[in-house]
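Engineer: Place chain Z on chain L using the hints.
Residue numbers (the numbering used here), protein chains in the order written: chain L, 1 to 111; chain Z, 1 to 114.
Derived by calculation from the structure, the hints in this document are not laboratory data. Wrong hints could be hidden among the right ones.
Pairs of lysine to any residue residues, derived as SDA-like cross-links and limited to a Cα-Cα distance of at most 25 Å, are as follows [claimed, not checked]: (1) L:K3 x Z:P61; (2) L:K106 x L:T29; (3) L:K3 x Z:F45; (4) L:K3 x Z:K95; (5) Z:K95 x L:Y13; (6) Z:K95 x Z:E107; (7) L:K106 x L:Y13; (8) L:K3 x L:N19; (9) L:K3 x Z:R57; (10) Z:K95 x Z:E53; (11) Z:K95 x L:Q49.
Residues from chain L shown here face chain Z by an in silico Cβ test under 7 Å; the list is partial [unchecked claim]: (12) F39; (13) P40; (14) Q42; (15) G43; (16) P44; (17) F46; (18) K98; (19) Y100; (20) S103; (21) G104.
Quick caveat: nothing in here was measured; it's all calculated off a predicted structure. Note that CB positions come from ideal geometry on N, CA and C, so glycine has one too.
Chain by chain, the residues run as shown.
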Amino acid sequence: LAKTTQPISMDSYEGQEVNITCSHNNIATNDYITWYQQFPSQGPRFIIQGYKTKVTNEVASLFIPADRKSSTLSLPRVSLSDTAVYYCLGGGRDNFNKFYFGSGTKLNVKP
Amino acid sequence: ETGVTQSPTHLIKTRGQQVTLRCSSQSGHNTVSWYQQALGQGPQFIFQYYREEENGRGNFPPRFSGLQFPNYSSELNVNALELDDSALYLCASSKTTVFTGELFFGEGSRLTVL
Chain L
1 LAKTTQPISM
11 DSYEGQEVNI
21 TCSHNNIATN
31 DYITWYQQFP
41 SQGPRFIIQG
51 YKTKVTNEVA
61 SLFIPADRKS
71 STLSLPRVSL
81 SDTAVYYCLG
91 GGRDNFNKFY
101 FGSGTKLNVK
111 P
Chain Z
1 ETGVTQSPTH
11 LIKTRGQQVT
21 LRCSSQSGHN
31 TVSWYQQALG
41 QGPQFIFQYY
51 REEENGRGNF
61 PPRFSGLQFP
71 NYSSELNVNA
81 LELDDSALYL
91 CASSKTTVFT
101 GELFFGEGSR
111 LTVL
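This is chain L alone, in the form it adopts within the complex (with noise of 0.2 Å):
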């Protein structure tokens, strides 16, 4: 499974367009991106998954170039309530939705 390297933390402030980067230089052909946003003392919450280039949802856009050794989750308009850990996955359809977590990203979105 591929391993991904994220920021630890990002503070933004309520408005503001706030990009997270990941980094899989090892992903497979078969691995997909899939990111999870978690709160406090909660379990983790799908946010989007894609394979490349971009995936556009209610509540994120996520981008994946062409070499698929990174992705950039991308929140429009941040709120307070956008405070959470978010985390990058990579997996496919070979396992069977086995993932494993980082650390995640801390993001905190100040007023």
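Structural biologist: Chain Z alone, transformed into the frame defined by chain L:
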């Protein structure tokens, strides 16, 4: 609301004791994974069950064991508790036949070992 429920939500045990944590999966999900999350760290994969069989294990000793029942509910058992077992234990269910990358997590069981 993920449809995944865990019990108990909090419990306190002493070193050497045994504990059983329970998880009820989302309806229609045939796979359950268990994670351990220590304070300030990401969730660590313990093991996964698929159709009542263990289907992969992380770097955890045999005193961590599990069961999955025909209704896809699950248990995590930990024997001979150690202080380092204090953590939030998370259960996640998914529908393996449909790959979406989406795990549905419960709220967790907070275990404190004294």
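Engineer: Of all the hints given earlier, name the ones this structure violates by number, lowest first.
Structural biologist: The structure breaks hints 2, 5, 12, 13; every other hint is satisfied.
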